[in-house]
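Build out the structure end to end from the sequences listed, making use of the hints.
So the protein sequences, as listed, match chains A and B.
Following our numbering, the residues of the first sequence are numbered contiguously, the last one being 329.
Following our numbering, the residues of the second sequence are numbered contiguously, the last one being 1262.
One or more of the hints may lead you astray.
To be verified - A few chain A residues facing chain B, derived, Cβ under 7 Å: (1) 33; (2) 35; (3) 38; (4) 211; (5) 215; (6) 218; (7) 219; (8) 221; (9) 224; (10) 225; (11) 226; (12) 272.
Don't read these hints as lab results, they were simulated from the structure.
Even for Gly, the Cβ is constructed at its ideal location relative to N, Cα and C.
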Amino acid sequence: MSSLRPRPRAALLVLCGLWIATVLVAPLVGSQAVSLHDVLRAEPTAASIFWQIRLPRVLLALLGGAGLAVSGLGFQTLFRNPLAEPYTLGVSGGAALGAVLALRFEGGQLLGLPLVALASFAGALGATALIVGLALRREGVETSTLLLAGVAVSLSCSAIILFLQYLADSTQTFRMVRWMMGGLSVVGYTEVLWLLPWVLGGSAMLLALRWELNLLLMGEEMAASRGVDLARLRFQILLATSLMIGALVAVSGPIGFVGLIVPHILRRFVGHDHLFLAPACILGGGAFLTLCDAAARTLMAPAELPVGILTALLGGPFFLWLLVWGRRD
Amino acid sequence: MTATVLLTARELEWRAGERTILGPLDLDVRRGECLAIVGSNGAGKTTLLRLLTGLLRPWRGELCYSDRPFAALSRRELARRIAYVPQIRPSRVPLKVEEVVLLGRYPHLSRLQIAPRAVDFAAVEEALAVVGIEGLRGRAVDELSGGERQAVYIAAALAQQSELLVLDEPTLHLDARHQHDLASLLLRLKGGADRTVVLATHDLNLASLLGDRLLALVAGRPLACGPPAEILQPDLLDRLFQARFEIVRGGERPVTILDLGA
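Structure (structure tokens):
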């Protein structure tokens, strides 16, 4: 154990390198390989694939992965539970329910954004509000109760989604199922620009809370006696994460387990201090989702695997591994 | 009167559902004193400490710190005045000793501050030195023994630089040597200038050694409050614990022993 001491600064440096390498390489891979040379001399096909298809997608993955990982980190610290993440806590579930409702009722556009996106955004906030509402109903609600409330919300959302799918016709059902798989197949920069402020804002908020998050590592009683207003902190963390997750699920559908896998792996190398761990999750989560997406694009080329399926395939066993062997960590 | 009273509780009461756990109880904590709360398991000691530190909001009654009601103070303002070393803590704390102690500076940090300042590090150094654990600074808290951990949490509370230090069962689960070390540390601390200490303990001899006054609690109600020699009487202890105690050494700070004989 002591052979692998966390080295936060060195780890952050390595992550920066990895992040930059990912940004440079990922847009070049896919069903059709593109050479950087062609892009730079503005060869029309290569340039158009690179600038219009690959680069926005990579940027979306970088932002999305960052949001998912840093949200997962926030949830895990808040709930003092290594298995907490947006996907297991009902935030993704609420977002999915919103989107499926919009698909069922053939939503159009509002404010330039598809209604599906706005509905899933509302769904994420709704699910969080429900959990927070339950938490505030009685004073002194334990964090474990919040966690169970999240699981209950998640299960209820799944049930309603199944019911809506049962009622829908086959075209709608197909679209719902496809959307639920989670993917980053976007063209252009609209989604990137939509996601950018939410992820930046949410990440900045969690970074600003790094002292409070560190204090939570010592337990709620200790944190409160050091001057942390627990009710407010819970609200701030849930707000920051649900805004990020809502915005992300709106464009990509639910992508699971990134928020679970990335913080866990990074803790080994970075340690538990949120001053380093939160930026590490932003970099590492972005790089991880970008790599997963690059793999999803190439594994079955020319067909494309929704990246949500890939992360779930990786995440399920990882979750089990954590449950059985990883709790010491 | 107000100059010497640091913390006042009036008609303090706390209930869980229909059951009254603590109170009604009136209490004055005097500036510079060491008040030891003694009583059996479930007498409401921890509940009283959590009320006095503002972690629990009283079901009824009022708490004031230097004449300012608790309700008018934010959690950070309270933490600048009152440091608490709770008894229950998570089994795993994935931080280093100096990180834990530095977190004691939280109530003094401004919202916009990026990094701790020189005063914060100075307070950490001082706290580590007072407790005598400079050698542990780089160690992971999880690797420490129970006694060392208790010292770390006390150092963290000292780094908080608050006037009132509240400790819940500071010697629980410690072996004889660590109990001795901790008692002498607390004795040094309470001797320090303008530090007020409130502690809850089962250990009557620790209470006698440290306490300027003892508050005896039975089923959430105060049974008696006064200097050690007044409280540590066989009859009173019998009513307090329903067990026989023998006074093996009298004087201002009596030493008692539990009589386990038939």
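Exercise. Should the hint that residue 218 of chain A touches chain B count as held when the rule is a Cβ pair under 7 Å?
Worked result: Check passed: Cβ of residue 218 of chain A comes within 5 Å of chain B, closer than 7 Å.
Problem set entry | Cut-off 7 Å, beta-carbon criterion: hint that residue 35 of chain A touches chain B | 43 Å, violated
Exercise. With 7 Å as the cut and Cβ atoms as the points, is residue 215 of chain A at the interface with chain B?
Worked result: The hint holds - residue 215 of chain A has a Cβ within 7 Å of chain B, the shortest such distance being about 5 Å.
Exercise. Are residue 226 of chain A and chain B close enough, Cβ to Cβ, to be under 7 Å, as the hint says?
Worked result: 5 Å, holds
Problem set entry | Hint check, residue 211 of chain A versus chain B [nearest Cβ-Cβ separation less than 7 Å] | With a minimum Cβ separation of about 6 Å from chain B (threshold 7 Å), the hint on residue 211 of chain A holds.
Problem set entry | Interface hint outcome for residue 225 of chain A [beta carbon to chain B under 7 Å] | At 4 Å from the nearest chain B Cβ, residue 225 of chain A passes the 7 Å test, so the hint holds.
Problem set entry | Hint status (Cβ of residue 219 of chain A to nearest Cβ of chain B, threshold 7 Å) | Constraint on residue 219 of chain A satisfied, holds at 4 Å.
Exercise. Holds or violated: is there a CB of chain B closer than 7 Å to the CB of residue 38 of chain A?
Worked result: Since chain B brings no Cβ nearer than about 44 Å to residue 38 of chain A, farther than 7 Å, the hint is violated.
For this session: Using Cβ atoms only, decide whether residue 272 of chain A comes closer than 7 Å to chain B, and label the hint accordingly.
Result: Where the cut-off is 7 Å and the nearest Cβ of chain B is about 4 Å from residue 272 of chain A, the hint holds.
Exercise. At a threshold of 7 Å, is the proposed contact between residue 33 of chain A and chain B supported by beta-carbon distances?
Worked result: Not OK, violated: residue 33 of chain A not within 7 Å of chain B, min 43 Å.
For this session: Tell me if residue 224 of chain A is really an interface residue toward chain B, meaning its C-beta lies closer than 7 Å to one of theirs.
Result: Holds. Min distance 5 Å.
Exercise. Is the shortest C-beta separation between residue 221 of chain A and chain B less than 7 Å?
Worked result: 5 Å, holds
Checked against the numbered hints given earlier, this structure breaks hints 1, 2 and 3; the rest are met.
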